[in-house]
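Construct the complete structure from the given sequences, taking the supplied hints into account.
These protein sequence lines are chains A and B, in that order. Heads up, the first sequence is in the UniProt record's numbering, so the first residue is 1 and it goes up one at a time. Heads up, the second sequence is in the UniProt record's numbering, so the first residue is 1 and it goes up one at a time.
No lab work stands behind these hints: they were computed from the structure. Every residue, glycine too, gets a C-beta built ideally from N, C-alpha and C. Check before you lean on any hint, since a few could be wrong.
The following label-pair restraints were derived from C-beta to C-beta distances [as the list claims (entries may be wrong)]:
(1) Glu227(B) <-> Ser116(A): 20 to 26 Å
(2) Gln225(B) <-> Gly235(A): 55 to 61 Å
(3) Lys32(B) <-> Val13(A): 17 to 23 Å
(4) Ala79(A) <-> Gln67(B): 27 to 33 Å
(5) Val164(A) <-> Glu182(B): 46 to 52 Å
Straight-line C-alpha distance at most 25 Å; calculated BS3-like pairs for lysine-lysine [unchecked claim]:
(6) Lys220(A) <-> Lys16(B)
(7) Lys219(B) <-> Lys32(B)
(8) Lys247(B) <-> Lys307(A)
(9) Lys105(A) <-> Lys16(B)
(10) Lys231(B) <-> Lys50(B)
(11) Lys231(B) <-> Lys281(A)
(12) Lys274(A) <-> Lys241(B)
(13) Lys16(B) <-> Lys124(A)
Letter by letter, the chains look like this.
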Amino acid sequence: MSILVIAEHNNEVLGAATLTTVAAAAQIGGDIHLLVAGSNAGAVAEAAAGVAGVSKVLHADHEELAHPTAESVSAIVLANADGYTHILAPATTFGKNFTPRIGAKLDVQPISDIISVEAADTFKRPIYAGNAIATVKSNDAVKVITVRATGFDAVAATGGSAEVTTIDAAAHISANAKFASQELTVSERPELTAASIIVSGGRGMGSGENFHMIEEIADKLGAAVGASRAAVDAGFVPNDYQVGQTGKIVAPELYIAVGISGAIQHLAGMKDSKVIVAINKDEEAPIFQVADYGLVADLFKVLPELKDAL
Amino acid sequence: MKILVTVKRVVDYNVKVRVKDDQSGVETANVKMSMNPFCEIAVEEAVRLKEKGVATEIVVASIGPAQAQETLRTALALGADRAVLVKTDDEVQPLAVSKLLKEVVAKESPELVIMGKQSIDGDNNQSGQMLAALLDWPQGTFASEVNVADGKVAVTREIDGGLETVDLTLPAVVTTDLRLNEPRFASLPNIMKAKRKPLEEMTPADLGVDIAPRTETLKVEPPAQREAGIKVESVEELVEKLKNEAKVIS
Ligand SMILES: Cc1cc2nc3c(=O)[nH]c(=O)nc-3n(C[C@H](O)[C@H](O)[C@H](O)COP(=O)(O)OP(=O)(O)OC[C@H]3O[C@@H](n4cnc5c(N)ncnc54)[C@H](O)[C@@H]3O)c2cc1C
Ligand SMILES: Nc1ncnc2c1ncn2[C@@H]1O[C@H](COP(=O)(O)O)[C@@H](O)[C@H]1O
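Written out as structure tokens, the structure is:
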């Protein structure tokens, strides 16, 4: 078996999701190659070559790949797909954007969001917002897969010594889809999907202003800040804070949900956290059904107390 | 400009689904079905583009059993002009969905296709990207803003780090995210009017598409259940438990 993993990175460092995707590849077994498509991403290609278990790195470099479009990335992958039995990418907004295009072009039904490898052609994945886990077997010649990070333990970022091969990018840059601009959320705090503690706020926070109470606690704990859809829709915090079925999937050591009711769509994104704390003034709130420690209280009273107690 | 919108009939998002005892799937008999929420957002966006004078006609398409007619009627009541049902009782996976939609696009020649980013039943998040690839069209997925002008569409996308805007040359495929708009409700007069709007039916065979599934579902199980824990009485007790019992903070 021969597996191609598409690396996620920011042209400077390899993203954490790449290491969990390689972990899934290692469970499938066989030769693992990493494809790095970027702009001036030599340092990333070198880092990729050091990832444990990787035997070859394919490096495509082009200025238009500074913000790679799905059109260009999928074209580069397809031009190099010969001979691979599996093509894997992280189940992030990056991976989900281009992976299905590869499936369509190869006439393959992709498998999204796998959380376990049962065999080289059989995988588990959540459906219905995680309310059911399906075991699916692919009968296609090539398996095209996205890997959910919370299902796998990252491989070591070092220890490997793969060769780096340069591949062509210029021929595959899309003329019909162009990156125009981006507005990234700037934060000193850890990234949601990488944090070991997350403090999330919901509609109960009442306003964006009040999220400062969450942030102060997060900063004391070295935690990331998350939110429910309702808090994002209300404009309290940016979209990339959303945890849930259609937002980010997280599984930290500690997840503190404040003023969040616990709708299934929210639980879908956090119920695999090791320890869950819920703070809600409604003792009937469904979030308490998954919480290890529940505190029925007014958040405006207890958040300042919590800040002082930490 | 003509817009094609796709709508899928799914188990309503408020239903707590149950896995069948024989592990063959989830219980869908006697369960409330609705339009996939992301497709509602897609319909709304198309209707707004028509209200702004950007779109001239909205065709709405669904693939599924006869009951998907209801979903199409809902879309017609919300403002779509015509409906197409590709009727089948078989399982249709995203690869087959995109092949069928490619044929619908060939018949209808829309300049823009608006789809949901994800079906809330299968949680695949694939069909839009796959249709775009089969058509060799550009795509703007997870859209939170769509601006059509001069043969192009600028799509602002919700990505893991924040927002990104891409410029696409039409024709293109757009898939919707939650913040794109807030869908309206259909008014009673519009529901009545929708009953008289044209709804064309065809089959996968009519479109010459093989929809045989490529992946087999071997079993469907409930997820590991989480037990509710304890209630603490105070912040002090909470912090003590987190430090000494759960040992997740120091
Ligand atoms: C297609 C679709 C996708 C979705 N995807 C997601 C997703 O990815 N993530 C997500 O989170 N949601 C998602 N949702 C939305 C989800 O269904 C819920 O609407 C949402 O999670 C509710 O957010 P909330 O808990 O903050 O708000 P609410 O349900 O309104 O709950 C607010 C809570 O705050 C409590 N509260 C209020 N004031 C106080 C106070 N002073 N002190 C203490 N507690 C207080 C209340 O008791 C209540 O329990 C999705 C929905 C759909 C239809
Ligand atoms: N059977 C179907 N009929 C109509 N549209 C569909 C169907 N399946 C998927 N789609 C569209 O594709 C989007 C993404 O679906 P999926 O790839 O299944 O997550 C949905 O939101 C719909 O707009």
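Checked hints:
Between Glu227(B) and Ser116(A), the C-beta spacing of about 22 Å keeps the proposed range 20 to 26 Å intact. Distance hint for Gln225(B) and Gly235(A): a CB-CB separation of about 35 Å, inconsistent with the stated range 55 to 61 Å. In this structure, Lys32(B) and Val13(A) break the distance hint of 17 to 23 Å, their C-beta atoms being roughly 46 Å apart. At about 43 Å, the CB distance of Ala79(A) to Gln67(B) disagrees with the hint of 27 to 33 Å.
Under the hint 46 to 52 Å, the C-beta atoms of Val164(A) and Glu182(B), about 48 Å apart, fit the expected range. The hinted pair formed by Lys220(A) and Lys16(B) fails the criterion: a straight-line CA distance of about 37 Å is larger than 25 Å. Using a Cα cut-off of 25 Å, the hinted pair Lys219(B) and Lys32(B) holds, with the two alpha carbons roughly 23 Å apart. Distance hint between Lys247(B) and Lys307(A) is fulfilled; the C-alpha atoms sit about 18 Å from each other, no more than 25 Å.
Of the pairs offered as hints, the one joining Lys105(A) and Lys16(B) is violated, with about 36 Å between alpha carbons and a cut-off of 25 Å exceeded. Of the supplied pair hints, the one linking Lys231(B) and Lys50(B) is violated, its CA atoms being roughly 53 Å apart against a limit of 25 Å. Note on Lys231(B) and Lys281(A): the hinted pairing holds, with a Cα-Cα distance of about 12 Å set against a maximum of 25 Å. For the hint pairing Lys274(A) with Lys241(B), the CA-to-CA distance comes to about 14 Å; that is within 25 Å, so the pair holds.
A C-alpha spacing of about 21 Å is found between Lys16(B) and Lys124(A), which places the hinted pair at or below 25 Å, so the restraint holds.
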